[in-house]
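Q: Chain A is already provided as a structure; the job is to place chain B on it using the hints.
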Amino acid sequence: MPLRILLSLVPDRRADLDHARRHIAYDRLVLATGPEGRARAEAVARQENEALGRGHEAVASVLDLPSLDPMKALDVLTRATRRFGPATLVLNAAGGTPAQMVACMILAFHEGIETVFVQHGHVARLPVLQRAPLPEWFPEDEAALVRAAAHDAAIGVLRERLELSSARSDRLVRALVRKGLAEVEVRSGVSRLCLTATGLLVADHLDAAAHPPGADP
Amino acid sequence: MVTLFGTLGFTPEKFYPSLRQRADVEQAVVFHDTHEDSKAAVRSVAKYCRDLGVPLKAVRVDAFDLVASATVIRDTVRSMGPGPAVFNVTGGTKVLAAGALLTCILEGIPAVYIHDMTNEEVALPLVRIPYEQLLTREQKGVLDYIDGHEDCSQTDIRDALGISKPTVSHHVQSLVAHGLVVEGRDPQDARKKRLRLVPGARLLLGGDRT
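Protein chains in written order, with my numbering: chain A, 1 to 217; chain B, 218 to 427.
Just chain A, with the same shape it has in the complex (with noise of 0.2 angstroms):
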């Protein structure tokens, strides 16, 4: 049976985190902060690994979570998730930062992820459907292309290294022009399929999805 890890933010008041800590069952803590909750998340990881007593693995870690900048946030949550491979994840996105609270957010959307606020005793769940990563519910076609345009390339090469036809890549660039995730561009008379901010996101899920924690690469 996989580990199940509750990654939590850090809220101001200690009881919150208490009451996250009894009422969420784990195996592992991890506790995602800055600077602002730092003593806080190592008084709290030192309580939890004492508990156990000497010889055994600790169970309770702390995060370095940028506090200012939501999307460093999301790219640290992001790696932090791919390294616990096959664990269980539940997040508790009450407390930290507003911005750590954001990429926490899409992380639990974007990656299908149990996500609880615990705030004054009480235990809400985030409407999430989980386990429905965005790999699931894109077309292959169209994620293979998003992989292999990387950050921008010839919609030309693309449709030859893919062994499209012209008409089923024209219909694929629409689709991915439609959802946001990339544009095309006329540069020195060359189409190029260039990647949004968010597609480049949506490619670096995809790339982890082909590519999961252990794997080779």
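In short, the hints are calculated from the structure, not lab data. For clarity, every value in this text was computed on a predicted model and none was experimentally measured. All C-beta atoms, glycine included, are put in the ideal place defined by N, C-alpha and C. Be careful, since some hints might not be right.
What the hints assert, rightly or not - A partial selection of chain B residues facing chain A, derived with a Cβ cut-off under 7 angstroms: (1) Tyr330; (2) Leu351; (3) Gly417.
A: Positioned in the frame of chain A, the structure of chain B alone reads:
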């Protein structure tokens, strides 16, 4: 021309950069709660908008109820029509911001966050997720039945929909795994399990009921 949506807490300053940095705002809509400081923030935003000649609509929500606030936000967004829009999700409680983000994902609205240090807009990489398309027709049928018959059992579903017991069990387990349905014990008979939708499941799947 763009409709600018925003969540508003006690600090109207988190909303102004979106107004300042866009020359094409046709109207603004803010979501706020009933706290006096929040009402004061709405008055400040209203004055700012008046000076700019941008019409403002203020919508009251329960900033501590995720599903309720997300439902109000989604309904308001839909009532404004399909034109271009952008959502500043920086202000308000974290629950309110989460409700706004959920709406942006469901309705495909670009979301922005005001950076705490630079006060610049940061575009958030949200992708519209067609949750309703992730379920099969059969799963939706089972979900609809549970929605209309709270605390029903798998036997009730089998009898009502005329599908086999293993098929019902399979669909119910997949809905439970997706986090849309929960199973609870029947107080009268411990062998039976009662089914109900989780709060927000309907919102996620595009329906009106919660």
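Q: Give a verdict on every hint.
A: A quick look at each hint next to the structure:
1. Tyr330: With Cβ-Cβ at 5 angstroms, under 7 angstroms, it holds.
2. Leu351: holds, 5 angstroms
3. Gly417: Since the shortest Cβ distance to chain A is 3 angstroms, the answer is holds.
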